[in-house]
Amino acid sequence: MVLDHSCVPAVVLIVEDEMVLRMRAVDMVEDAGYTPLEALDAAEAVAILESRSDVVLMCTDIQMPGQMDGVGLAHAVHDRWPTIGIIVVSGQLDLPHLDLPPRSRFLGKPLNAGEVIAEMRDMIGYA
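Following full-length UniProt numbering, the numbering of the sequence shown begins with 1 at its first residue and continues without gaps.
Calculated from the structure, these hints are not laboratory results. Glycine residues also receive a C-beta, built at the ideal position from the N, C-alpha and C atoms. Check the hints yourself; a few may be wrong.
Pair by pair, the computed Cβ-Cβ distance ranges are [as the list claims (entries may be wrong)]: (1) H97 / P9: 31 to 37 Å; (2) V26 / T83: 18 to 24 Å; (3) Q92 / V8: 31 to 37 Å.
All chains should be modelled from the sequences, with the hints used to inform the complete structure.
This is the structure in structure tokens:
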């Protein structure tokens with residue numbers, strides 16, 4: 001039996017330590033027609049990525065607890081899983097020297113649901 005994976009929604013990993021913001025991001029991912037996964041920090045995000053092969057996009061906050069911030073996580077993910085698209089978000093808009101890896105985009109907080117959904121769809125396609 002051949003399985004048709006074309007109807008399986010894309011999986012988006014959300015890395016955000018603040019529960020309310022993470023829940024809002026989950027809603028945006030679901031509104032876009034994708035399947036959300038959640039991580040509280042970079043270590044949890046890497047563990048999820050090591051255990052799954054279906055994540056196509058990661059959305060991470062820059063500031064979070066742990067030894068690695070969102071920019072470091074973006075580089076680590078790009079180095080190990082270069083096909084995963086990355087959206088980096090922050091409430092600090094004064095980030096003139098933000099060093100992001102290829103296939104990454106920056107969005108400022110507060111997040112606009114329409115803008116986030118448009119970015120996700122531009123990066124991975126429509127659900």
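Hint by hint, here is what the structure shows:
no. : hint                  : result
1   : H97 / P9: 31 to 37 Å  : holds (36 Å)
2   : V26 / T83: 18 to 24 Å : holds (23 Å)
3   : Q92 / V8: 31 to 37 Å  : holds (36 Å)
Every hint from the earlier list agrees with this structure, and none is contradicted.
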